[in-house]
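Number of protein chains: 2
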Amino acid sequence: MQILDGKKLSQKILADLKKKVSNSQKEINLDIILVGDDQPSLKYVQLKQETAKKIGIGGEIFHLKQNSTTEEVLSLIKKLNKKEDTTALMVQLPLPKKINTNKVLSAIDPQKDADGLSPFNLGLLFQKENQAIPAATALGIMNLLDEYKINCHGKNVVIIGRSPEVSLPLFALLMAKDATVTICHTQTKNLKDISSRADILISAIGQPNFINKDFIKEGAVLIDVGFATDSQTGQVTGDFSFDQIKDLANYITPVPGGVGPMTITTLLTNTVSIALKNN
Amino acid sequence: MQILDGKKLSQKILADLKKKVSNSQKEINLDIILVGDDQPSLKYVQLKQETAKKIGIGGEIFHLKQNSTTEEVLSLIKKLNKKEDTTALMVQLPLPKKINTNKVLSAIDPQKDADGLSPFNLGLLFQKENQAIPAATALGIMNLLDEYKINCHGKNVVIIGRSPEVSLPLFALLMAKDATVTICHTQTKNLKDISSRADILISAIGQPNFINKDFIKEGAVLIDVGFATDSQTGQVTGDFSFDQIKDLANYITPVPGGVGPMTITTLLTNTVSIALKNN
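As they're listed, the protein sequences go chains A and B. Oh and the first sequence: position 137 is 137 in the numbering used here, straight run, nothing missing. Oh and the second sequence: position 113 is 113 in the numbering used here, straight run, nothing missing.
Careful, some of the hints might be misleading.
Copies of the same chain look alike in the list, so a pair counts if it works inside one copy or between any two.
Computed list of lysine to aspartate or glutamate pairs in EDC-like fashion (alpha-carbon distance at most 20 Å, straight line) [unchecked claim]:
1) K189 to E218
2) K20 to E50
3) K189 to D178
4) K78 to D109
5) K217 to D193
6) K83 to E60
7) K149 to D178
8) K213 to D247
9) K54 to D109
10) K19 to E50
11) K26 to D85
12) K277 to D109
13) K79 to D109
14) K97 to E71
These aren't lab readings, by the way, just hints derived from the structure by calculation. Predicted model, so just to flag it, every value in this text is computed and none were measured.
The shape of chain A in the complex, shown without the other chains (with noise of 0.2 Å):
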């Protein structure tokens, strides 16, 4: 069983993206909009800056009030949309229920869309178009297979969760590859017969080592999306059991180190390329 080492390449990447930000004759930002008090999200909102910090890449946290409407998230992205030094803008999510998040997403001019959340820009990937801004995290999985040079062509790929956020883009990238894929759910019936027949398994869907043994296939490569905290011990906890199927497993991602800094490091390899398309 071989690791899919996330953090290095995420580091690698990033060296790159550096220098690329260096060279660029325009200064970069990347501005984030943050709505409410959840604290796992400020937390990421400011490691997503501190890191853009890193490579060269400016911009601002929009810190919205917990009882903003929508109205008023939509009239901030107007602002970012035609701001000139505004290269880049994200809406972290989850939203504040009452908040209409389609709506939000929609209002993202999607030349400046870098977490490719908005629905033009996923209608693009899946016409194959080659302007598409792909969404973050999917990206972020694609770069970690082609790293570790996992052909996808021809392959039974099953995704476990049909988030537009993360699955729904996964499966358009993987599709392109040419592999032949799956999106099971909370309603599909036999999960474990379909998942157990996949040469790649992706579980996104946040539950702490819901996928045991019985869901693999001898062989297969697990990518896990899943981010949990675990409430009594503390640890952060992926969708599999990674002690009971390490052994069967080809490849795995691990949690933490695994898609989760490649999330990151996609949101700014976007940045960077909206960027050099408007040079």
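Use these hints to put chain B onto chain A, whose structure you have.
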């Protein structure tokens, strides 16, 4: 085995649309852009206009020359996007090869996109956004399943073909109904194994009689999106080898008279929905 009669359902829906159109305070117009000399496309576009007229929907066919440029098509779309009496518009596919289809579809105002093929609408559909205009063929198939009370919840659905015009929006709509969906294509390695596990099998590849009894589970629902004219007999044929499989299936769409008539009907359903939304 029961036939899923698209012709019959189509007539029922058209009668209903006719009432809605005559009750509408505003004139409803569907403009159609056709580029080039492809005879089947020309006939198809005329059929769309005739059907529209029968239920009181007006509109023009804009027939551009075979050697038109992408820019010429884009400029016409921009005009129609703005034109007040163009309720909705569509571009007949396939376009001549030197025209950039994605650019053309991206230029259509998503609010006037009768065929639901703009990337914005495809993205919204994947986000389960009820403001999305679904691609006409995909919605037509869903309406046919609904009419015969075929429940998709928890069903294993296999779609053969990965076009962004039919298969991908269909995938989004089926997943929204809680089906577990797999997309197969030319690079899929074990197509017979995968398709013969499907409760609902949909083929959209346009290869006459490609799908025989080896691909099918007894009791499956079979949806044939294929449409090809046999060069020897002149007969219209679908992807399924109908005579071989009709006794195995529980439900099947005939070709012609299944999915085909539903596509035009749903194009007009979308046009009327757009008109009523903008009223």
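Hint-by-hint comparison with the structure:
1. In this homomeric assembly, K189 and E218 come within 20 Å of each other (Cα to Cα) only across copies, at 19 Å, whereas the closest approach inside a single copy is 22 Å.
2. For the homomeric pair K20 and E50, the shortest alpha-carbon distance inside one copy (18 Å) is at most 20 Å, but the shortest distance between copies (57 Å) is not.
3. When the C-alpha separation of K189 and D178 is checked against a cutoff of 20 Å, the pair qualifies only between copies, where the shortest distance is 10 Å, while the shortest distance within a copy is 26 Å.
4. Taking the shortest Cα distances, K78 and D109 sit within 20 Å of each other both inside one copy (8 Å) and across copies (19 Å).
5. Taking identical chains as interchangeable, the C-alpha atoms of K217 and D193 lie at most 20 Å apart whether they share a chain (10 Å) or sit on different chains (17 Å).
6. In the homo-oligomer, the alpha carbons of K83 and E60 lie at most 20 Å apart inside one protomer (12 Å), although the nearest pairing across protomers, at 40 Å, exceeds that limit.
7. In this assembly of identical chains, K149 and D178 lie within 20 Å of each other by CA distance solely inside one copy; the values are 15 Å within and 34 Å between copies.
8. Taking the shortest Cα distances, K213 and D247 sit within 20 Å of each other inside one copy (10 Å), while across copies they are farther apart (39 Å).
9. In this assembly of identical chains, K54 and D109 lie within 20 Å of each other by CA distance neither inside one copy nor across copies; the values are 26 Å within and 40 Å between.
10. Taking CA atoms no more than 20 Å apart as the test, K19 paired with E50 passes inside one copy only; the shortest distance there is 17 Å, against 60 Å between copies.
11. Taking the shortest Cα distances, K26 and D85 sit within 20 Å of each other inside one copy (9 Å), while across copies they are farther apart (44 Å).
12. For the identical chains of this complex, K277 and D109 are intra-copy neighbours only, at 14 Å inside a copy versus 24 Å across copies, given an alpha-carbon limit of 20 Å.
13. In this assembly of identical chains, K79 and D109 lie within 20 Å of each other by CA distance solely inside one copy; the values are 11 Å within and 22 Å between copies.
14. In this assembly of identical chains, the alpha carbons of K97 and E71 lie at most 20 Å apart only when taken from the same copy (14 Å versus 43 Å across copies).
Of the hints listed earlier, the one the structure fails to meet is number 9.
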